[in-house]
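Participant: Taking the hints as your guide, dock the two standalone chains into a single complex.
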Amino acid sequence: MDRRDFLKQTITIIAGAAIPASALEFVNPRTLFAAKGSDVKWVFLADTQKCVGCGFCVKACKLENEVPYDADVSRTWVERYVICKDGKMRVEGKMSNPGFGINADSPKAGRDGFTTPRIDIGEGKHVEIRDEDISKAFFVPKLCNQCDNPPCVQVCPVGATYKTGDGVVLVDRSWCIGCGYCIMGCPYGVRFFHPVYKVAEKCTFCYHRITKGMKTACVQSCPFGARQIGNLKDPNDPVTKTVMTGRVGILKSEYGTKPQVYYLALDREVR
Amino acid sequence: MIEVHGEVWTIKEFFTYPNEYIYWSIQIVMYPFMTGLVAGAFVLSSLYHVFGVKQLKNIARFSLVFSFALLPVAMMPLMLHLQQPMRGIHVMMTPHFTSAIAAFGIVFSTYGMIVASELWFVYRPHFVAMALELKGQNNRGIIDGFRYLLFSALTLGAYDVSEEALEKDEKAVGFLAGIGIPVACFLHGYAGFIFGSVKANALWMTPLMPVIFICSAVVSGIALCIITYIVVMEIRKILSRMKGKASGLPSFEELQSAEIEEVKLTSRYLVMFLIAAITLELLDLIFRGYTAVKSWDILREVIYQKDFYKIFVMQYGMGNLLPFILFKLPGLTVRRAALGACLMLFGVFMMRWNVVIGGQAFSSSFAGFMEYVLPIIPHNMETVKEGLVGALAVIITPYVLFYFINKVMPVFKYKGSH
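Just so you know, the sequences run in chain order C and E. Just so you know, the first sequence maps onto residues 268 to 538 in this note's numbering. Just so you know, the second sequence maps onto residues 4 to 421 in this note's numbering.
These are calculated hints, taken from the structure and not from any lab test. Accuracy of the hints is not assured; some may be wrong.
As the list claims (entries may be wrong) - Which stretches of chain E does chain C cover? Using the computed rule of at least three CB atoms under 8 Å from a CB of chain C, they are:
no., segment
1, 14-24
2, 202-212
3, 365-379
Said to hold, decoys possible - Within a straight-line C-alpha distance of at most 16 Å, the following computed EDC-like cross-link-like pairs (lysine to aspartate or glutamate) qualify:
no., chain 1, residue 1, chain 2, residue 2
4, E, Lys297, C, Glu521
5, C, Lys479, C, Glu331
6, C, Lys375, E, Glu16
7, E, Lys60, E, Asp163
8, C, Lys326, C, Asp379
9, E, Lys240, E, Glu256
10, C, Lys392, E, Glu16
11, C, Lys479, C, Asp415
12, C, Lys525, C, Asp415
13, E, Lys297, C, Glu536
14, C, Lys355, C, Glu536
15, C, Lys308, C, Asp504
16, C, Lys375, E, Glu10
17, C, Lys352, C, Glu395
18, C, Lys465, E, Glu385
19, E, Lys246, E, Glu256
20, C, Lys465, E, Glu10
21, C, Lys375, E, Glu257
22, C, Lys465, E, Glu6
23, C, Lys482, C, Glu331
24, E, Lys202, C, Glu521
25, C, Lys392, C, Asp415
26, C, Lys479, C, Asp353
27, C, Lys403, C, Glu536
28, E, Lys240, E, Glu257
29, C, Lys519, C, Asp534
30, C, Lys500, C, Asp415
31, C, Lys355, E, Asp300
32, C, Lys500, C, Asp306
33, C, Lys465, C, Glu333
In this text, a Cβ means the ideal position worked out from N, Cα and C, and glycines have one as well.
Only chain E is shown next, with the shape it has when bound in the complex (with noise of 0.2 Å):
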């Protein structure tokens, strides 16, 4: 028998109409959670950036390149999910701008030559001071080669690192920083639009739908990038103490108070977008239950009693209240900080699948639900797309892809002025 599209992880009950499934899965729930992840770890480099908070500087360049790493990323998911992946293009090529999701290639385009150009001045003397170093060097050989001249290529010609040159750079990293938040807040809040600006879904249309999911997204971006920072330094923690001193590597205390600053700082940034996404959260919720349209009698029997486990023990317990009361309980430590983070994440995690699953659990009907059971175990290239596979494929990637970046614009070893 043909199987439809959806079909294998939709569990249907009482009154749907025929052709409803569960057509948005797993990857148009990593879809706004990497996007906003983008965005946020952007939105905290330019805190350093724009607002000059001085003792973010380590991690504002990390989070910074580490935004760049998961641009490519926040595609990923919608190639995934595509039916067609091959003709994804024509949203380019042919954008119908009545659509929500038509200016996606231009808002995501748009982002990604700022956040590339903001790294190219901030990275600037570096690749300078590397191609001018292997340019020095004789007898090259094949990788010394190819760094050389992409090293010499990056620089783009402009080699002048006098002190005016610098501090023109440190201009223009401000002014592109500027310009990059409300152009990641658009990116992220657009995502929100998509979702918000479906009438035919009672969960998803409010006109809160964009705020929120810039809120959590600044969220989820700050937690990722302390806990991937707190991961770095401990790596580098363990390195110095092997090392010793010779290593030409900061000591072990320095790394270690310096990590806590850093961490305490950015986690009062995190708490608070956390209370905004919050209360802007439960103000939409209150406001449907008081106002009760239609709609109400359906997604009241969603909220409260279907996904009552995920909506309030999931994300607003585990994922909110608890790393709430972790952050904010006195003398911080880094790995109480680390687990606070990783709950948030969670927290964020949740709070995407509740929007976009949980939207698909009623049906239009008002009189039938539907459950989305995840293909953990994929038996056809559908449930490889769109299943845990998939999902994990994504997760991973961006950690590759920095691992490289990094080998290009190191993000730790490096004494810029920026």
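Isolated chain C, as found in the complex (with noise of 0.2 Å):
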């Protein structure tokens, strides 16, 4: 075979092997599904007025997706904020500065409920506030905000966190390296490692059990309906008229991340 043999013998090949396989890129599903949309954009509500600290969300949350029980992390967490009236934080011991402070706390991810007035700020220390002082309290659920535009999926190397198309951000645990830096990208401080699988982890909107028509356990196990879950393509859905035509907050918007988790009576103080 001579030079110009070989040419014309390796553009016949490359011409040939486009054809199919630009036919392959005419059909890949994911292009199609995309064209075509889903009709599912998957939503929460979360009802700060409703919320009373009871903690069965997060047990519900564990159990169901198998984040060790007694594992200092977990998907979801309820925080509980006390504001006094001066404003001011209540701690011991100096600060030079506490204008940043605030008294909240949220141990063992308010699992146990909130049973005692004492404000935990770690280590085993507490700090005790006296109801006169107190301006107002309140709870705020937590969980993965299942943002828009999502940072976490930006940053991660390998591509093993996406987004999928009705809304929700999941993680591949059989290709997440556990570099941490979704970690470190989230502004909400969601994700953590599994403590068995040693990869990413964090709320996938109880992803299996949303696609099967289901609620998620958090939603499920909350007596008080603090907790919604909806889909906002559907206008009938009672969580998307909320959504719509209500007041709703979302969390640390200067971020840019366009959350999807959205707040009935957000307080300011919230962080």
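Facilitator: What follows is the structure in structure tokens.
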């Protein structure tokens, strides 16, 4: 074979291969699916007025999603805020500038409920606040915000975490290398390393349940209806109606992550 | 009870989210520190090859070889850090290019190839000479037989050492060193970008981060080269005294004067890059204080209270100001330069520490703190990898590698044209 023949044959082979290859691209299932569009978009609604901090949601989540019950990590958690009349943080010892502070806690992710008025300030220490100093106190349920512009997906170096067509961010446990960049990238602190699988772990809106017509474990276990999940593309969905017509807030809008967990009665002090 | 990753070395204070721990620990401090040394050592060698700073000839060859010994070690902390180290190769197989880490494998291997080819051109005449010398020997034995195979393989079949061929080699070295500088800066600026682009971290997020990282990288690289150079020269001085003139080594006085000249000149570049690094770091600090956005309340608490000693005493005081004075006082001696360079190296290490660990010293809630306690005596694999033991392993490895590389590419005995 001389050089001319070699080049000729190479071009023929490439041209011949290009046709089936482009056909493959043409019928790429993902492209087709995207063109059709999903008729589901999962969103979450949390009503802080209804949350009493019982911790049933955290219990249910840990059991449903096999996050070790006693491990100090959780896919979802409940925070307690106690705002004082003078707006100051209560601590012992000296702080040059207590202006940053706030009285809030989430011991054991709020799993066992908040049964004592003492605020957990870490390392087994507590601070007690007198009733007459308190101006307001409330609970805030937290979970993954399933952001429309998720920084965790952006920073994953191997594409092991991704956003599904119906709006949920998932992690591929067989591909995650465990670098922790997604944990660093999340402004909400929802991610952690699974103590057993040693890969990044996060709330999935109970994807295995909601895609089968069930509610998430936390929604189902909430006795007060503080947590609701809905489909934003269904105009008759009660969650959609509230999100569309009610006054809803989101967490940390300044990061541009476009979170999809909406809050009713969100206080300005919520972190 | 099942232990969560990071729990053992994290102390939490006030309001932190339940899942927050120090996830990026000592190995992520080591990673930019080691890549910084690689990049810095290479930039120093390029000063001679590209900009023709003739006086740097000796240290240039040394720093090039040393930078090669440091290369694999820049990878080591990352592997020790990963929760799934066996999957590390996925970064090369399925790179997800919106991530700042995804291109690491590509940038790193490009840089590695540049350094390797530059070294090949520098040492080609040596490989040829060795291969020919060993070829001439009868009854080579196992060791020399292996050396013969190694050196003839290293020549890659290019035995031409005529004047013309060597001139071409020299051109190639200049060219490779030239493209090596931007790539080295990119490699390290890139490490800075990995941190600077994390919008969720108030301390890290600044466009200055890559530039600060490059400047401090060059500082640390040059400082390490000065220290190692001085140590090696001292050993040679002792050898030359012991063996006397018959050994063929340069005389004690020759070595002495060469050493101080080299050190003086190199330290000038060191101080230059130090000033650039400090200027940028202070600019960043002033800007944060002046603009005082939402995160400033907690950052101020971390910078001026919690980490004051680590930042202002250990990093800026002992690591920057003190060595600056040591280098700038008239009549620089080798001993003083060695001390100054050691302190600078410490300063850059503290800077990495204060960025990586300091960036995790406060909660994303801006209402609580986290403190990292370095595991000294390990009790499981995790505390070996991400503790003092792992960090020391990373520090020692380049010297072990350098010892072996020096056997093949002798840094000092070699009288090549470059």
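Participant: Of the numbered hints stated previously, which ones are contradicted by the structure, given in increasing order?
Facilitator: Result: hints 7, 11, 21, 25 and 26 break, sorted rising.
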